[in-house]
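Student: Residue strings, one per chain:
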Amino acid sequence: MTPILGVLLATSFIASLVALGILVWAVANKLIFVGKAEASTIFMEGEIGHPDDSASFGQENETATHRFDVLRAGIDRAGKGPVLVLVTAGILWLLIGSTFGVIASLKLHWPDWLADMAQITFGRARTLHLNIVAYGWLSVTGIGVALWLLPRIFHTPLRRPNMAYLGAFLWTLGVLGGSIAIASGWTDGIEWLEFPWQFDIVLALGGFFLAWPAIETAARRKTPHIYVSGWYFLAGMMWFPFLFLVSNIPGLHMGAQQATVNWWFAHNVLGLWLTPMGVGMAYYIIPKIIGKPVYSYNVSLLGFWSLALFYSQVGIHHLMGGPIPTWAVTLSVVHSVMMFVPVIAVAINQHVTVATNMWAFKQSMALRFVWIGALMYTLSSFQGSIEAIRSVNSITHFTHYTVGHAHLGAYGFVSLVLFGTLYYMMPHVLGRRWPYPRLVQVHFWLVVVGFSIYFIALTVAGVLQGMDLMNPGSRFSEITRSMIPYLEGRSIGGTLMTLGHFVFAAHFAVLLLKKESGAKPADVFAPVEAS
Amino acid sequence: MNRLLPLLVGAIGVLLLATLMLVILPAWQMRTAQPPEQLPPYTGQQLLGRQQYVANGCVYCHSQQPRSTGQTLFDSASGWGRASTPGDYFYDAPHLLGTMRTGPDLLNIGARMKSRDWHLTHLYQPRSIFDWSIMPSYPYLFEEKDQASPGDVVVRLPAQFQPSGGRVVVARKEVLDLVEYLLSLDRTYPASPEELQKRDRGYDQRPETALAGHAG
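Just so you know, the protein sequences line up as chains A and B, in that order. Just so you know, the first sequence maps onto residues 1 to 531 in this note's numbering. Just so you know, the second sequence maps onto residues 1 to 216 in this note's numbering.
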């Protein structure tokens with residue numbers, strides 16, 4: 001058996017490298033066209049060179065209302081309903097999910113607080129937090145943004161909006177039912193897969209009805225080129241259902257083997273679902289706000305396929321030193337380190353584009369959120385690659401360090417990109433501006449300061465905890481005592497972040513409910529034949 | 001990229017490769033495992049207790065996978081047991097390997113703490129035993145009564161943690177099941193060489209390098 005495994009392993013790695021080599025060759029020889037012209041397909045005539053963020057530019061100049069252009073308003077209009085429903089549901093999940101996060105965090109240093117409420121004992125509050133922010137906030141809002149963004153890059157309105165309504169309803173119902181189940185102690189018991197499979201079916205059906213309109217819209221696009229954001233969104237909509245179904249089949253996986261499925265799934269939720277969402281959004285929002293195409297579009301192709309090849313095989317690094325065959329762990333370690341390739345490819349495109357246009361970063365709050373989010377993607381990925389090296393993992397495994405890292409990815413990266421994207425997107429969807437630009441700043445500083453405290457506290461705590469857990473002379477009581485100040489710090493940071501979310505949600509509610517004066521959205525449905 | 005179908009097919013193809021490598025092949029190898037002779041299947045009550053362990057989320061703070069001495073001496077010095085192998089989990093569904101050690105590893109807690117009374121007291125109020133503990137207390141798994149009825153298991157508590165007015169704390173069925181499961185956690189039997197081949201040996205010293213170290 002060992003030689004067979006060895007050959008398969010070597011083949012998989014060599015095949016990945018050869019595939020990437022062919023890709024680079026094809027791009028170099030112009031067999032695949034991904035250049036400035038393709039990168040510019042997200043702009044209409046005359047848009048390049050003009051920054052676009054209604055929350056930040058043209059405040060003094062009321063003629064800037066031309067930004068709510070007739071053409072795109074026509075495209076936005078068909079999907080407006082489902083997009084608003086998804087984003088509103090997502091923001092509600094954000095509030096609920098982060099509240100459970102704060103409760104769980106407080107319970108780690110106030111262990112007797114609300115101890116008689118079984119529904120929010122630490123083990124359940126923590127699990128509710130994870131599932132609600134991952135499948136509620138990040139996924140629901142992300143799909144909402146995707147259903148707004150895909151029609152724009154395809155220059156055609158969203159198809160089957162009614163199906164998207166149904167999908168939004170079912171998905172939300174699945175998250176709600178699964179959460180109530182967890183609170184009452186009914187769980188599948190596997191990290192990231194806690195929702196009982198009965199609710200998973202509802203959620204999966206919802207996903208199907210949400211992916212269909214996106215794919216049909218893509219099939220009927222009015223532009224020959226699929227912009228890079230589209231690759232990420234559409235691939236993610238293929239990947240997530242596949243992962244979700246295989247790992248949720250009841251009774252198929254057992255014992256230590258189930259752990260490999262568990263972490264294959266859990267890491268791919270980040271790598272092949274939340275990351276494509278975040279990267280795809282940043283690829284659209286950054287050039288749109290600045291008004292210039294991304295720096296080096298053909299590198300984005302390398303970034304996409306290497307992400308698919310390497311990220312999909314990193315999951316077993318969660319089981320290092322465990323009851324899992326050595327080769328599987330090593331495979332994931334190698335792929336974790338190879339993640340430098342896609343991350344650098346994305347970094348070249350996104351960071352150079354912003355770094356050469358810092359004036360926009362200073363002025364646009366939306367860009368500030370999105371770019372800092374994109375920077376956190378680079379950082380959390382580099383951190384993850386290093387964390388997967390055996391000697392480093394020995395210290396960080398089993399500690400709060402990992403929790404800090406997970407939040408750098410899911411919060412520092414994906415959530416910040418989502419905030420910025422919503423600040424850019426909502427005025428286009430509703431045809432009116434955010435009413436209180438000051439609140440955007442309050443939101444920004446609360447989450448940035450809160451998250452910095454959160455991340456630094458857990459990172460320092462994790463390193464200390466991990467070194468103590470390696471030292472046979474240390475005592476568990478001392479380790480536990482030494483963690484308390486950091487856990488308290490985490491609660492302070494988390495509370496600030498959650499406050500920021502409430503500010504954001506309140507601002508969103510005002511924007512949504514406000515009766516409009518001034519800039520009117522285009523009221524005509526323009527049959528769209530954009531170039 | 002201008003075409004939709006190659007994009008979608010390519011994306012799924014890549015994920016199929018990952019599924020082969022991370023799901024199918026490990027399953028193929030690990031499922032040949034036989035349960036170790038000394039490992040009995042869980043009893044009905046132990047399985048009910050395991051469900052309590054799952055429902056209350058114990059796994060989020062307690063791992064069940066001691067590390068090898070090649071990686072660290074802390075685990076064996078703490079009495080957490082030898083490095084585990086796939087066969088040790090033969091009867092486990094869902095798996096409870098865990099990823100955090102906010103609390104200690106529990107794979108061999110039954111061999112380490114054999115007293116039911118200790119576990120009941122500890123679950124009712126961890127700080128009545130360890131003043132430094134940050135484990136949640138689980139009052140909802142117990143019941144306060146004026147008087148114990150026949151057959152009730154009364155929790156033994158230090159005076160300051162006793163309910164007022166001479167009332168007593170008795171264990172509910174849920175917590176009795178849970179303790180029964182905890183007491184069953186014992187993988188201290190030796191692991192066979194074949195089994196040890198199936199765990200991650202990436203941290204274990206190779207014999208030749210160990211010898212070379214001695215010679216140097």
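These aren't lab readings, by the way, just hints derived from the structure by calculation. A quick note: this is a predicted structure, and the numbers were derived from the prediction, not measured. Built from N, CA and C at the ideal position, the CB exists for glycine as well. It is possible that some hints are incorrect.
Short, incomplete list of chain B residues facing chain A, as computed with Cβ under 8 Å [claimed, not checked]:
no.: 1; residue: Leu4
no.: 2; residue: Pro6
no.: 3; residue: Ala11
no.: 4; residue: Ala27
no.: 5; residue: Gly57
no.: 6; residue: Tyr60
no.: 7; residue: Leu73
no.: 8; residue: Thr99
no.: 9; residue: Ser133
no.: 10; residue: Arg201
Simulated restraints, written as ranges between beta carbons of each label pair [what the hints assert, rightly or not]:
no.: 11; chain 1: A; residue 1: Gly21; chain 2: B; residue 2: Tyr140; range: 54 to 62 Å
no.: 12; chain 1: B; residue 1: Ser76; chain 2: A; residue 2: Ala10; range: 44 to 52 Å
no.: 13; chain 1: B; residue 1: Ile129; chain 2: A; residue 2: Pro472; range: 17 to 25 Å
no.: 14; chain 1: B; residue 1: Glu194; chain 2: A; residue 2: Ile201; range: 38 to 46 Å
no.: 15; chain 1: B; residue 1: Ser192; chain 2: A; residue 2: Pro241; range: 26 to 34 Å
no.: 16; chain 1: A; residue 1: Ile484; chain 2: B; residue 2: Ser115; range: 24 to 32 Å
Student: Holds or violated: B/Ala11 as interface residue toward chain A, Cβ cutoff 8 Å?
Tutor: Holds, about 4 Å.
Student: Given a cut of 8 Å on the nearest C-beta pair, is the interface hint for B/Tyr60 held or broken against chain A?
Tutor: Holds: closest Cβ of chain A sits about 5 Å from B/Tyr60, inside 8 Å.
Student: Once the shortest beta carbon distance from B/Pro6 to chain A is found, is it less than 8 Å?
Tutor: 10 Å, violated
Student: Holds or violated: the 24 to 32 Å window for the beta-carbon distance between A/Ile484 and B/Ser115?
Tutor: 28 Å, holds
Student: Hint says 17 to 25 Å; check whether the CB-CB distance for B/Ile129 and A/Pro472 agrees.
Tutor: At roughly 23 Å between Cβ atoms, A/Pro472 and B/Ile129 fall inside 17 to 25 Å, so the hint holds.
Student: Under 8 Å is the threshold here; is the Cβ of B/Arg201 close enough to any Cβ of chain A for the hint to stand?
Tutor: Holds, because the Cβ-Cβ distance from B/Arg201 to chain A comes to roughly 5 Å (cut-off 8 Å).
Student: Could you say whether the range 44 to 52 Å given as a hint is met by the Cβ separation of B/Ser76 and A/Ala10?
Tutor: Once the Cβ atoms are compared, 35 Å apart, the range 44 to 52 Å for A/Ala10 and B/Ser76 is violated.
Student: Let's test the interface hint: is any C-beta of chain A closer than 8 Å to that of B/Leu73?
Tutor: 4 Å, holds
Student: Would the stated hint for B/Ser133 survive a check requiring a Cβ distance to chain A of less than 8 Å?
Tutor: 7 Å, holds
Student: May I ask you to test the hint 38 to 46 Å on the CB atoms belonging to B/Glu194 and A/Ile201?
Tutor: 39 Å, holds
Student: Would you say the C-beta atoms of A/Gly21 and B/Tyr140 sit inside 54 to 62 Å of each other?
Tutor: Between A/Gly21 and B/Tyr140, where Cβ atoms are some 60 Å apart, the hint holds.
Student: When the nearest CB of chain A is found for B/Gly57, is that gap smaller than 8 Å?
Tutor: The hint holds - B/Gly57 has a Cβ within 8 Å of chain A, the shortest such distance being about 2 Å.
Hint compliance for this structure: hints 2, 12, 15 are broken, all remaining hints hold.
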